[in-house]
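As they're listed, the protein sequences go chains F and W. When we follow the working numbering, the leftmost residue of the first sequence carries the number 16, and every step to the right adds one. When we follow the working numbering, the leftmost residue of the second sequence carries the number 118, and every step to the right adds one.
Just so you know, the hints here were simulated from the structure itself, not pulled from any lab data. All values derive from a computational prediction rather than experimental measurement. There's no promise every hint is true.
To be verified - Derived lysine to any residue pairs resembling SDA-like cross-links, with alpha carbons at most 25 Å apart: (1) F:K469 x W:R252; (2) F:K52 x F:G247; (3) F:K52 x W:A254; (4) F:K469 x W:E288; (5) W:K145 x F:T240; (6) W:K169 x F:T240; (7) W:K169 x F:G227; (8) W:K169 x F:R233; (9) W:K169 x F:K52.
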Amino acid sequence: MPEEQQVIDKPESREIIAPGYTFGTVTDQIATVVLTKKTPLFWFGGFGVGLALLFGFLLAVAVLFARGVGIWGLRTPVMWGFAITNFVWWIGIGHAGTLISAILLLLNQAWRNSINRFAEAMTLFAVACAGMFPVLHLGRPWLAYWLFPYPNTMGVQPNFRSPLVWDVFAVSTYATVSLMFWYVGLMPDLATLRDRTNNRAARFIYGIMAMGWRGSARHWSVYETASLLLAGIATPLVLSVHTVVSFDFTIAIVPGWHSTFFPPYFVAGAIYSGFAMVLALAIPLRSVYGLQGLITDRHLDNSAKVMLATGLIVGYAYILEAFSAWYGGNVYEQSIFWNRMTGPYRYFYWSLVFCNIVAPNVLWFKRVRGTPALLFISSMVVLVGMWLERFVIIVSSLAQDFLPSSWSVFQATRWDWLTYFGTIGLFLFLFFLFIRLLPMISIFEVRTLLPQAKIEEEVQG
Amino acid sequence: MIKPIYGMIAEFDNPSDLVRAARAAREKGYRKLDAYTPFPVEELSDALHLHKNRLPLIVLIGGICGGLVGYLLQYYVTVVYFPINIAGRPLHSWPAYIIITFELTILFAAISTVLGLLALCGLPTPYHPVFNVPRFALASRNRFFLCIEATDPLFDRDGTSSFLETLEPREVSEVAN
């Protein structure tokens, strides 16, 4: 390398934080959302919708407990129906949060600092919603602990060669690690809230949760190591979770499922839908709480680019899926694809092609990426499209497999829909509680983005 | 009898001043130092000679334990405790064990990261003498503090206080124990 080669700072095209912020104003702006006594109407609206849907969920679950899974449209041969569709959809949404918090941290993407907190919260709540479905689908949800190996008087143990048991381990590990990562990230901000609040009870609670964090340099140095380690641990984990979820399908011999490219295809789809959810949450939040200076257009633009890139991978997977069905020469595989495109589920199939492959191409245009309203609409389209994708993969493959005599079309019941919308309610309920009670943007990480946080060159060692 | 104090603390406006002050205090010979900042300042670890921590080792050990637990659990259940002969396939079917071994490696490594972090930081510590300084609440907002602790052999209330004053802080205060 020539010695005279100069390192030139790449000029920032657009800022990831608006100019003029100081350590104090950043802290106050984010902490005030939590510490203020005034709650915006938007919050009551969102929380109210969430609570109403959550009651719907509780009703659906109560009926399910009383009458069994037959209240759902589960009939032979489609025994997975909505439950597993929703499980895969929700767990996929969670992936963007871990991608932002872990992978982008390792890649040194500073723009992640202002969106990672609520994206991680989104992950946690999405995993909570996802976890509902396999458990409710068990038929006897109160025996869910049988899924784990433990010494028991029945003398039996789970089958460790089954992908469904792998899933139990993958999802519970994912939930635990996400929770710990999120909590470790929160500790310094909880200390800020403890020091800023005037309410004695709030100070006590935030104080307990902050564990006496005092920002000591000795602690920060361990803390930085811990965040990097957790990010390094979470990176393979997030890629593995949807891989394991896809094993639920690929290890079965059902046509349309038994395919080696499911793992990367599922992971890309997961990040695709997850970034759609990040945008769907960030766009209203930043305008209601006036956070455009912290969640800037650059963040929306970057998220939209990730969405476009993963969307193209998903589009490639659809094409490859159809190609390998045709080229593989397996008649069952071919007929399942022909049935998907022309059979009873054709409307779902072509809508998902529109939502996931055609529609996201508007994101190529800078003007669309720069208009929050359009971005919000396209992220909604992607969320619907990804739900349809999971639905088509699961239901159309099961409905028409090897034996035409056992074919049957799946009909979702109102309880299916109520349970599904109910988990959206659970998600909204948890998310709105989160933005009211905890800082939705990582305060200490945003402080590091400020120009004042740079140490003067003469002081550097 | 004079109540023993924890140390003297100086408050600074920006991280550069704090790093400069920390260097000066080290040069002066003080060793029982700590700095308090609202966000991680990399240069501080350097200035305070904070040694590399043992967290990576803890995480490595945790991860290895997790992997072993995962593998041995599956081996024990499928080979010893609950063997099922399915068409004469081997009981020790290691490829099928990989996923759960991996997941438990991750799980144990992550748990040991968090517990290791708390252990190495000595948290939770709900009470600490620095919280007695009224202005210390700003350490989680926009101020930077340097504390010279009374256990330092060079510590002497007036001398340390006047030394800290030479570093041009906003304020120097005494930390009650």
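Verification of the supplied hints:
no.	hint	in the structure
1	F:K469 x W:R252	holds (24 Å)
2	F:K52 x F:G247	violated (39 Å)
3	F:K52 x W:A254	holds (21 Å)
4	F:K469 x W:E288	holds (23 Å)
5	W:K145 x F:T240	violated (29 Å)
6	W:K169 x F:T240	holds (9 Å)
7	W:K169 x F:G227	holds (23 Å)
8	W:K169 x F:R233	holds (10 Å)
9	W:K169 x F:K52	violated (44 Å)
The structure is inconsistent with the numbered hints 2, 5 and 9, although it conforms to all the rest.
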